[in-house]
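Make the full structure from the sequences, and use the hints.
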Amino acid sequence: MQSGFEINKNVVIGILGMFDRLSPSIQLVRQIFVALQGAFAEHQVMLKKLSLKRKLCVVLVRSEEDLAKCDALILPGGESTTIALLARLAGLLEPLREFTKTKPVWGTCAGAILLAQTVENTKKGGQEVLGGMSISIARNGWGSQVESFEAPLVAEGLRESDRPFPGVFIRAPVVLSLNPKPQDPPITIVARISAGLLPKTQTLVPPDEDDTDPRDARTIVALRQGRHLLTTFHPELTTDHRIHEYFVHECVLGSSA
Amino acid sequence: MTTPVATPGGSPLPVPVGAGNTNGTPVVAPVRSNTHKDGGSSLGTFGVKSGLAQMLKGGVIMDVVNAEQARIAEEAGACAVMALERVPADIRAQGGVARMSDPHMIKQIVDAVTIPVMAKVRIGHFVEAQILQAIGIDYIDESEVLTPADEEHHINKHAFKVPFVCGARNLGEALRRISEGAAFIRTKGEAGTGNVVEAVRHQRSVMSEIRKASVMTEEELYAYAKEIQAPFHLLKETARLKRLPVVNFAAGGIATPADAALMMQLGCDGVFVGSGIFHSGDPAKRAKAVVQAVTHYNNPKILADISENLGDAMVGLTITDEMKGGRLASRGW
Numbered sequence: 001m002q003s004g005f006e007i008n009k010n011v012v013i014g015i016l017g018m019f020d021r022l023s024p025s026i027q028l029v030r031q032i033f034v035a036l037q038g039a040f041a042e043h044q045v046m047l048k049k050l051s052l053k054r055k056l057c058v059v060l061v062r063s064e065e066d067l068a069k070c071d072a073l074i075l076p077g078g079e080s081t082t083i084a085l086l087a088r089l090a091g092l093l094e095p096l097r098e099f100t101k102t103k104p105v106w107g108t109c110a111g112a113i114l115l116a117q118t119v120e121n122t123k124k125g126g127q128e129v130l131g132g133m134s135i136s137i138a139r140n141g142w143g144s145q146v147e148s149f150e151a152p153l154v155a156e157g158l159r160e161s162d163r164p165f166p167g168v169f170i171r172a173p174v175v176l177s178l179n180p181k182p183q184d185p186p187i188t189i190v191a192r193i194s195a196g197l198l199p200k201t202q203t204l205v206p207p208d209e210d211d212t213d214p215r216d217a218r219t220i221v222a223l224r225q226g227r228h229l230l231t232t233f234h235p236e237l238t239t240d241h242r243i244h245e246y247f248v249h250e251c252v253l254g255s256s257a
Numbered sequence: 001m002t003t004p005v006a007t008p009g010g011s012p013l014p015v016p017v018g019a020g021n022t023n024g025t026p027v028v029a030p031v032r033s034n035t036h037k038d039g040g041s042s043l044g045t046f047g048v049k050s051g052l053a054q055m056l057k058g059g060v061i062m063d064v065v066n067a068e069q070a071r072i073a074e075e076a077g078a079c080a081v082m083a084l085e086r087v088p089a090d091i092r093a094q095g096g097v098a099r100m101s102d103p104h105m106i107k108q109i110v111d112a113v114t115i116p117v118m119a120k121v122r123i124g125h126f127v128e129a130q131i132l133q134a135i136g137i138d139y140i141d142e143s144e145v146l147t148p149a150d151e152e153h154h155i156n157k158h159a160f161k162v163p164f165v166c167g168a169r170n171l172g173e174a175l176r177r178i179s180e181g182a183a184f185i186r187t188k189g190e191a192g193t194g195n196v197v198e199a200v201r202h203q204r205s206v207m208s209e210i211r212k213a214s215v216m217t218e219e220e221l222y223a224y225a226k227e228i229q230a231p232f233h234l235l236k237e238t239a240r241l242k243r244l245p246v247v248n249f250a251a252g253g254i255a256t257p258a259d260a261a262l263m264m265q266l267g268c269d270g271v272f273v274g275s276g277i278f279h280s281g282d283p284a285k286r287a288k289a290v291v292q293a294v295t296h297y298n299n300p301k302i303l304a305d306i307s308e309n310l311g312d313a314m315v316g317l318t319i320t321d322e323m324k325g326g327r328l329a330s331r332g333w
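Line order of the protein sequences matches chains A and B.
In terms of full-length UniProt numbering, the first sequence opens at residue 1 and continues consecutively.
In terms of full-length UniProt numbering, the second sequence opens at residue 1 and continues consecutively.
Among these hints, one or two may not hold up.
[What the hints assert, rightly or not] Derived DEER-like restraints, expressed as beta-carbon distance ranges:
no.: 1; chain 1: B; residue 1: LYS242; chain 2: A; residue 2: GLY157; range: 30 to 40 Å
no.: 2; chain 1: B; residue 1: VAL197; chain 2: A; residue 2: GLU65; range: 30 to 40 Å
no.: 3; chain 1: A; residue 1: PRO186; chain 2: B; residue 2: GLY316; range: 22 to 32 Å
no.: 4; chain 1: B; residue 1: GLU219; chain 2: A; residue 2: GLY126; range: 56 to 66 Å
no.: 5; chain 1: B; residue 1: GLN265; chain 2: A; residue 2: LYS55; range: 25 to 35 Å
[Stated by the list, open to error] Just some of the chain A residues that point at chain B, by a computed CB distance under 7 Å:
no.: 6; residue: SER144
no.: 7; residue: GLU150
no.: 8; residue: ILE170
no.: 9; residue: LEU237
no.: 10; residue: HIS241
[To be verified] With a cut-off of at most 30 Å between alpha-carbon atoms, the simulated BS3-like pairs for lysine-lysine come out as follows:
no.: 11; chain 1: A; residue 1: LYS69; chain 2: A; residue 2: LYS55
no.: 12; chain 1: A; residue 1: LYS123; chain 2: A; residue 2: LYS181
no.: 13; chain 1: B; residue 1: LYS285; chain 2: A; residue 2: LYS124
no.: 14; chain 1: B; residue 1: LYS212; chain 2: A; residue 2: LYS49
no.: 15; chain 1: A; residue 1: LYS49; chain 2: B; residue 2: LYS285
no.: 16; chain 1: B; residue 1: LYS242; chain 2: A; residue 2: LYS48
no.: 17; chain 1: A; residue 1: LYS124; chain 2: B; residue 2: LYS107
no.: 18; chain 1: B; residue 1: LYS161; chain 2: A; residue 2: LYS123
no.: 19; chain 1: A; residue 1: LYS48; chain 2: B; residue 2: LYS285
Treat the hints as calculated values from the structure; they're not laboratory data.
Glycine is no exception: its CB is placed at the ideal position from the N, C-alpha and C atoms.
Here it is in structure tokens:
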């Protein structure tokens, strides 16, 4: 949980993205994205809005060299099967796994699936993930697009936490269970939805013995483990940048912010 | 550059009048209703409709006619598939009235893959759309490729929870479709020809009209809205964003990785490939190549590598009024 930044060094945040429509003039604090396919421009715009003491640069990551420049990474929404395939074709899967072991990573929606240790409802033959967070997650947990919805969320640890965060859930994944091993960093729940919004079709996975929280894991929509952040919804599609702020302050900069 | 579009709260886009916008009764227990009260949620808002399209950006959507092709498309990295009974090239060759596909066949495709599944309905045929919504399809294409059911009206797409994509040849047509509730626009191109010329014409036309509008004064925008028959508020928003207020893909006649990259360089957010994949010599290889071309669209070296040894491309057609099936792009109003 150390903060590895020198005071006057820029922070580079990468967005994993094979689709480069980042505007060339972006010079913010340093942070990094990966964008292979999906919603990276939206993340970039949100990061631009943050007011930080540190300078933040946002770069698009499509190759190992891009990734090497990054201090942190955002895995954007999109289709996890497509993003994983493009990452493999670009020779990025192993470098990403290595990156995930040492540096802060935030996965939204499809990115959350990539960050999970185990995934249910995968395509036939299974699917490649990066791992990094000791949870089990189900793709398309709510069903098809007709079931996509918006709902206000109560989030802990955000600025003005009494103001609900607008949750946009699009064919969103569902967290099934938390399975931290003793040596893993502890998991912090950042946001939940009310149990009444849970999909009727998803069955509950019995909680792990180590799971200290007795509540239904499926209501968790945002959580943090070590310096990784996971959200099953899309903060980048809203005008509220508090979760981007949380990631940069808490996960990337740590106490040096 | 891509500007995020249609963000909840910040958008002057029309608010859907269907699900998600009814000021219903107070919710006692938090249930998934259409209200936006404490703990409640809103289904099918314009935010989640256009949001899914935003998640498809930088991706390729492929036409498939059965579960096996859908699996090939998913393995190749397609970000969505379009389920239909006949690809446009066959509709063109066989003639007759082209309709919505059999729901059973669509459901088989839905079960075969994890990526979003789209399906086509005839222009104006809102009952076909109701059926597709009932079986839980992810996106509906109100498409000129099928035989139109109404020669005057398009579907009122606000009335649906499921989002719609529509074709457009120019800015006016695109904004008319958005005002009817389309959350996603594509070029019409000329489907089933393997000839990209019409898609290029439509994309260039949209982009050049946006550039024109973006430097206009408000007075000029009023006159321009009248000229291109577009709702003024959507034209104004487009001029401000310097792009369409929803995601814009290329479609119609794309057959090679180079075609896909061309459309991306012309400013499209992603690509639909219809007959181009499964009417070619090696569909799996070509599909993967097109997916990579859309990712690396401005890297000619990678494009050269992935364009090698793809086997036969689909047979192309010269676009004339006399060709079999005629001009599909002229359908829609």
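**OP:** Identify every previously stated hint that the structure contradicts and give their numbers, smallest first.
**Re:** Those not satisfied are hints 3, 10, 15, 19.
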